[in-house]
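Asker: The lines below spell out each chain.
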Amino acid sequence: MSDWSSGDLLTAVRMRLDAVPDSTLLLSTFSLLLLMILIFSFTADQFFTLAVLRNVLTQTSIYIVLGVGLTIVLTSGEIDISIGSIIGLGAMVLGISVVNMGFSIGIGLLATLLVGVLCGLMNGFLTAVVRVPSIIVTLGALTFFRGLAYLLGGNNVMVGFPPFLVWIGSGTAIGVPVPVWLALIAVIFGQLFLKSTRTGQHIIAVGGNAEAARLAGINIRFNKILAFVIMGVLSAVASIIMVARLDAAQSVMGAGIELQVLAAVVLGGTSLFGGRGVILGSVLGALILTILQTGLLLSGVVQFWQLVAVGALLIGVVAIRIAYEPSEARP
Amino acid sequence: MIVAVDKAVEAKRGRLAGLLRDWLDGRSDAASVSTTALLLVVLILLFYGINERFISMRNIVILLNQSAAYIILGVGMTLVITIKGIDLSIGAIVAVCGMMLGILLVNNDYPVWLAISAAIAVGAVCGAVNGFCVASLQVPALVTTLGTMVLFRGVAYVVLEDNILFRYPDQLLWFARGRIFGFAPAVYIAAIAVIFGFVLLNHTRFGKHVIAVGGNAEAARLSGINIRRVQFIVFALMGVASSLAAIIWVARLNSTQASVALGIEFHTIALVVLGGTSLFGGKGLIVGSLLGALILSVLENGLAITGISSFVQQTLIGLIFISVVALRTLQARGASQADEPM
Chain W
1 MSDWSSGDLL TAVRMRLDAV PDSTLLLSTF SLLLLMILIF SFTADQFFTL
51 AVLRNVLTQT SIYIVLGVGL TIVLTSGEID ISIGSIIGLG AMVLGISVVN
101 MGFSIGIGLL ATLLVGVLCG LMNGFLTAVV RVPSIIVTLG ALTFFRGLAY
151 LLGGNNVMVG FPPFLVWIGS GTAIGVPVPV WLALIAVIFG QLFLKSTRTG
201 QHIIAVGGNA EAARLAGINI RFNKILAFVI MGVLSAVASI IMVARLDAAQ
251 SVMGAGIELQ VLAAVVLGGT SLFGGRGVIL GSVLGALILT ILQTGLLLSG
301 VVQFWQLVAV GALLIGVVAI RIAYEPSEAR P
Chain G
1001 MIVAVDKAVE AKRGRLAGLL RDWLDGRSDA ASVSTTALLL VVLILLFYGI
1051 NERFISMRNI VILLNQSAAY IILGVGMTLV ITIKGIDLSI GAIVAVCGMM
1101 LGILLVNNDY PVWLAISAAI AVGAVCGAVN GFCVASLQVP ALVTTLGTMV
1151 LFRGVAYVVL EDNILFRYPD QLLWFARGRI FGFAPAVYIA AIAVIFGFVL
1201 LNHTRFGKHV IAVGGNAEAA RLSGINIRRV QFIVFALMGV ASSLAAIIWV
1251 ARLNSTQASV ALGIEFHTIA LVVLGGTSLF GGKGLIVGSL LGALILSVLE
1301 NGLAITGISS FVQQTLIGLI FISVVALRTL QARGASQADE PM
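Here the protein sequences come in this chain order: W and G. Under this note's numbering, think of the first position of the first sequence as 1, with each following residue one higher. Under this note's numbering, think of the first position of the second sequence as 1001, with each following residue one higher.
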């Protein structure tokens, strides 16, 4: 019975893991996260305090909400770099409707979500129907939406939101911050949608091989537009969380966040070439990014080194992953 | 009889359309470039109509001076996009090269030629890092340059922190403020970059390899082209182009800080696409990118002259960009409806 060598055991474990899709990937990302937490627990004294943990989770929740959306868009074989500007535009609409015009908060939130839907529709239409490459569409939209946000709000800072919005930003429900609940809902939605609904499977198929999907009778246009609309709505949700956390709205909000989110999603193992989306990986990726930044800050590393670390980590992780799985490199 | 006549007419019309299509196909590059040139002319006339001073020698000198850095970056980015790559890190490379200039010229008193050589070397090294990751590690260009964009910018911040370095020696400022036959030396550098890029892409063996790698990497590999070498060189050239842009930038502003040229990568990609270079690789139009850079500068300069707020300017530039690219895509699709999947 003691014939079992470690090699056999390893094979058995691997076979077991292979039975669950993406599990090796998630496991390796999770190990990286644990390793990072371990290192910072030595270098940063206050790392394990409740305040830090809460802050990290709340901060990450914005990235997670956006990460779920971007995972779905990337899975469909497209990309969206306009999300930071959608956030800025959403914040302006929320600020103007609630603070300047005095509408009730419910109407303000609805209007913000509607802005997200419209932005997503525009990106989706130009990508799927006019068929301009999505990186170009959303590159233009990045400037266009931000321009609209500036047009609406200029450089003003809008303050004085009703208590309900402040609760969304800094309140708790059952001891957990509200943004974390929102992120959790987004993750459960994303995971169920992508893995367990017919439409989710269609999006994966479209991203994996558009021609095959079309021949199988899948409506490519609808699925791509839907992916962009989901991204737009989640950007609006992120914009609401951001405004709520700061209790202020400004047109510059969300600038540059697209690259952070893209980094988180890529760290999580979602393919840039479509057909493979790992929602839970994006959650881990977002946690890794925030913990890396918070951990370095608490370890007393000069703030600017964080940028160097994030860049090196991103390239390093992807390079290692490609070395082990060369098929990742090519579409 | 009538049917036969109809058929004859139809055949004739078909032949005409076919001839026209052949002619256009043979000159599809020329067609793209002339559309871009047309847009440029229309914009220039529009701004001239709004304000006569737009076409004054003074404004033309300023406009060309402003566009020089864009043109140089555009030439580099055209090569990168032709091999189906992308480079998001160029703004950060400009920052690192600017940092180098600042350290050598403001914080120390090194000779200008040495500082310029050092800046170009730094740009080449940054580009080589990108090239190494893309070509040897096989990390997709988007991920590589997303990472190095943060990384290089981080290096600039670590060294410069929030300081602004200024008071550069006159020899450096000469690049943007001196005049040779009425124009700044920067404009001549941009012209040389365009000629260099054009000859390299269209009239050398290396240029053919660049187009082949972008068009069909597998076919290029099978015909014995060293893909990795091509990718590496193109990204290194992009780094050098960024360093030249940095020199011009610093000379024009007479200052450096870590946040310089933030977001310039998006402008550069936009102007290359405006110029007609295909994002799908295998087709690069250096002259188109030159026109794209001029369009961008004309828009920025012209909108500023009209006195429209910068908020409206940004919205307009985004809107114009999206519409032009959408039109161009529709046009291209009309030409080759059959061979497009989806």
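Heads up, a few of these hints could be off.
Stated by the list, open to error - Restraint-style ranges between C-beta atoms, simulated for each label pair:
| id | chain 1 | residue 1 | chain 2 | residue 2 | range |
| --- | --- | --- | --- | --- | --- |
| 1 | G | Glu1052 | W | Leu151 | 53 to 61 Å |
| 2 | W | Ser23 | G | Ala1037 | 37 to 45 Å |
| 3 | W | Asn100 | G | Asn1163 | 56 to 64 Å |
| 4 | W | Ile105 | G | Arg1058 | 47 to 55 Å |
| 5 | G | Leu1222 | W | Gln303 | 33 to 41 Å |
| 6 | W | Leu192 | G | Glu1161 | 41 to 49 Å |
| 7 | W | Met101 | G | Asp1109 | 37 to 45 Å |
| 8 | W | Pro162 | G | Trp1174 | 37 to 45 Å |
Since the hints were derived computationally from the structure, they do not count as laboratory data. Just so you know, these numbers come straight off a predicted model, no measurement behind them. Ideal placement from N, C-alpha and C gives every residue a C-beta, glycine not left out.
Asker: Now, for every hint given, state plainly whether the structure supports it.
Answerer: Consistency of the hints with the structure:
1. Remark: the range hint 53 to 61 Å for glutamate 1052 (chain G) to leucine 151 (chain W) is contradicted by a beta-carbon distance near 28 Å.
2. Between serine 23 (chain W) and alanine 1037 (chain G), the C-beta spacing of about 55 Å breaks the proposed range 37 to 45 Å.
3. For the hinted restraint 56 to 64 Å between asparagine 100 (chain W) and asparagine 1163 (chain G), the CB-CB distance of approximately 39 Å leaves it violated.
4. At roughly 54 Å, the beta carbons of isoleucine 105 (chain W) and arginine 1058 (chain G) sit within the given window of 47 to 55 Å.
5. At about 49 Å, the CB distance of leucine 1222 (chain G) to glutamine 303 (chain W) disagrees with the hint of 33 to 41 Å.
6. In this structure the hint that leucine 192 (chain W) and glutamate 1161 (chain G) lie 41 to 49 Å apart at CB holds, the actual value being about 46 Å.
7. Between methionine 101 (chain W) and aspartate 1109 (chain G) the C-beta distance comes to about 59 Å, which lies outside the given range of 37 to 45 Å.
8. Roughly 59 Å separates the CB atoms of proline 162 (chain W) and tryptophan 1174 (chain G), a value that falls outside the hinted 37 to 45 Å.
In terms of the numbered hints stated before, the structure departs from hints 1, 2, 3, 5, 7, 8, listed from lowest to highest.
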